[in-house]
Amino acid sequence: MSKFHSTVSRRDFMKGIGLAGAGLGAAAATAPVFHDLDEAMAASNAEPEYRPWWIKERDFDNPTTEVDWQLTRRSDRTKKYVFATSDRETHPRVVETRSHFQQYSWDYVKKMYPEWKGNTVRDAALENGSGALAFYNFHAYGGYRGYNASSHKSSSFTGLEVAVTPEAGGFSKWQGTPEENLKMVRAATRTFGCEQVAVVEVTANTRKLINLNRTNGKPINFANVDKAVDSDSEMVIPEKCKYMIIYTNLQPTYMTQRCPARVGLGANRNSYTRMPVQRVQLQEFIRGLGYQGLQVDGLCQSVPWSMLGGIGEHTRESMNIVSPFYGAMYRGVQRMLTDLPLAPTKPIDAGVARFCLDCKKCAENCPYAALPVGDPMWEHENPEEVAEDNVIDGHIYKGWRLYNHRCPRCQACQGVCVFGKISDSGMHNIVRAVSSVAPIFNGFFRNMDDVFGYGTKEPESFWDIKSQPVWGIDPRLWTHL
Amino acid sequence: MWLIIGLIAGAAVLGLVLWLRGKDVTVKWYEWLIGALGLVLLLFTIQNFAGSLAELESTAANMFLLVSGLPAIILLAVAWQLVARRQRAG
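In order, the protein sequence lines correspond to chains A and B.
Numbering of the first sequence is given in the numbering used here, commencing with residue 389 and proceeding in unit increments.
Numbering of the second sequence is given in the numbering used here, commencing with residue 1277 and proceeding in unit increments.
The set of hints was computed from the structure by calculation and includes no laboratory data.
Take the hints with a grain of salt, since some may be wrong.
Across the chosen pairs, the derived CB separations fall in these ranges [as the list claims (entries may be wrong)]:
| hint | chain 1 | residue 1 | chain 2 | residue 2 | range |
| --- | --- | --- | --- | --- | --- |
| 1 | A | 505 | B | 1319 | 54 to 64 Å |
| 2 | A | 772 | B | 1278 | 23 to 33 Å |
| 3 | A | 495 | B | 1334 | 36 to 46 Å |
| 4 | A | 818 | B | 1292 | 21 to 31 Å |
| 5 | A | 835 | B | 1347 | 35 to 45 Å |
| 6 | B | 1334 | A | 614 | 34 to 44 Å |
| 7 | A | 560 | B | 1334 | 31 to 41 Å |
| 8 | A | 467 | B | 1277 | 50 to 60 Å |
| 9 | B | 1338 | A | 745 | 24 to 34 Å |
| 10 | B | 1338 | A | 731 | 43 to 53 Å |
In silico negatives: residues of chain B with every beta carbon more than 10 Å from chain A [claimed, not checked]:
| hint | residue |
| --- | --- |
| 11 | 1289 |
| 12 | 1333 |
| 13 | 1339 |
| 14 | 1347 |
Here a beta-carbon is modelled for each residue, glycine too, at the ideal position from N, C-alpha and C.
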């Protein structure tokens, strides 16, 4: 006789099997059945971009910078602005800035590093090599200027249109929920080399952030048309293209940290070279799904859109959005309108703009005194630029504005921003979190940033970095995303 | 790295407890607290020192040694001396 025996009779056993079978049947009838991965993906909720607990989301159209949506209007780009970026500019303030361009940068670095011997031929070569395909120098497709909506090439707005459409490829048009589509666009755009992706819906308010016209006077109109038009007389954006994709591009980390020395100046050129490629890739990806993507980088400003989409916050850096993760390291927060339905992302409050009130590190480090030092204002801080109305037409916000007469884009401010840290040291994330919830420590953190030696690096040390990251962008900047 | 540091720290604390028991040394709760604070601060210093070096921020690395490393050593020394002096007095 066996030492063990079952306490379940044969009858109970058979009854159990029956119940289990019925249970499995019921489960199978109610559970989702996936025929392929597309269906599995469609059944899951789109995952939001990772955001730590100390980053709060705000309501749409309500970023940390106050915007007067009533008074805001579409910018008239025929208005002339004076910028200190051109040698051809004859404005006396700009001439003064340009005549001191190299000297002020030299003095800034030399004051910080008296042993520095100055820019070398390899520094200049790196700057020039980085810029060889950027701006006006790239005459083929993909060149920044040759493929920007504000350029002479009208094809840039609607794109190359070379990707095989679903109809031509034997597919039906992609169909997904806005959340799934956002997840999909994020996945694709990350492979194109972009770090963050946000979406802002074009509403009655946000439409005001798209320029009224181009610098040559060609109007930009919205109409109930099926396809975008870029003719000699006008640009037409279909009303259905109401989702603005905002996608980012980081500057090379170690170059940016060494601006305004020449070894660092190629940082933005590197990014400008990559940007048109990413634009074409995203635009053609959207075309391949059966939708339209419209390059509108030249038709609107980057900071308002990236602020509204939650890429970062508007700060004293004025023309650069500041991300709680990457600081002011972005060059090229690009914009693309599309009719692909996308779930909008919300503006964020990570305490960045609040930190900026006390910090002022970028303004104090600006070799050209081109960044505002006061609190946010509805007007330009510089009375001279107010008198000349040298501010972006139609943008009514309580914030900071660049001293356009003085800024030659030396990028020193981008390298010193306290938020642009490689985050191997755990202290950085502690500071980010504490400053977000307890701004009383902001002044202390700013002082510690100086004491601990963060900020502009000795230029020559660039050449001694043992393992330069690919594209110059240290991947440890984005490991948390 | 943190796995190894955790194993070393755990073994060290265990060894300390066993050694104290073997020597019949009693430790007051506040001495444990001061020692624990010192240990946490020491681990914090190690992480930030190593992290700062990886970030190529040598000044920051050295500052962490000074700002958090030194207090860590002081706290550990205070805990040790409190126990040692009480033992001698007793």
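Status of each hint after checking the structure:
Between residue 505(A) and residue 1319(B), the C-beta spacing of about 41 Å breaks the proposed range 54 to 64 Å. Distance hint check for residue 772(A) and residue 1278(B): the Cβ-Cβ separation is about 55 Å, which falls outside the suggested range of 23 to 33 Å. Distance hint check: the CB atoms of residue 495(A) and residue 1334(B) are about 25 Å apart, inconsistent with the given range 36 to 46 Å. As the Cβ distance of residue 818(A) to residue 1292(B) is approximately 28 Å, the hint placing it in 21 to 31 Å holds.
A C-beta distance of roughly 18 Å is found between residue 835(A) and residue 1347(B), which places it outside the suggested range of 35 to 45 Å. For the pair residue 1334(B) and residue 614(A), the beta carbons lie near 60 Å from each other, so the given range of 34 to 44 Å is not met. For the pair residue 560(A) and residue 1334(B), the supplied restraint of 31 to 41 Å is violated, since their beta-carbon distance comes to about 58 Å. For the pair residue 467(A) and residue 1277(B), the beta carbons lie near 57 Å from each other, so the given range of 50 to 60 Å is met.
Between residue 1338(B) and residue 745(A) the beta carbons are some 30 Å apart, a value that agrees with the proposed interval 24 to 34 Å. Restraint check, residue 1338(B) to residue 731(A): a C-beta distance of roughly 47 Å satisfies the suggested window 43 to 53 Å. At roughly 21 Å from the closest C-beta of chain A, the C-beta of residue 1289(B) stays outside 10 Å, upholding its exclusion from the interface. Once the 10 Å rule is applied to beta carbons, residue 1333(B) is inconsistent with being away from chain A; the minimum gap is 7 Å.
Not every C-beta of chain A lies more than 10 Å from that of residue 1339(B), the closest at about 5 Å, which undercuts listing it as non-interface. The non-interface label for residue 1347(B) is consistent with chain A: the shortest C-beta to C-beta separation is roughly 15 Å, beyond 10 Å.
Checked against the numbered hints given earlier, the structure breaks hints 1, 2, 3, 5, 6, 7, 12, 13 and satisfies all the rest.
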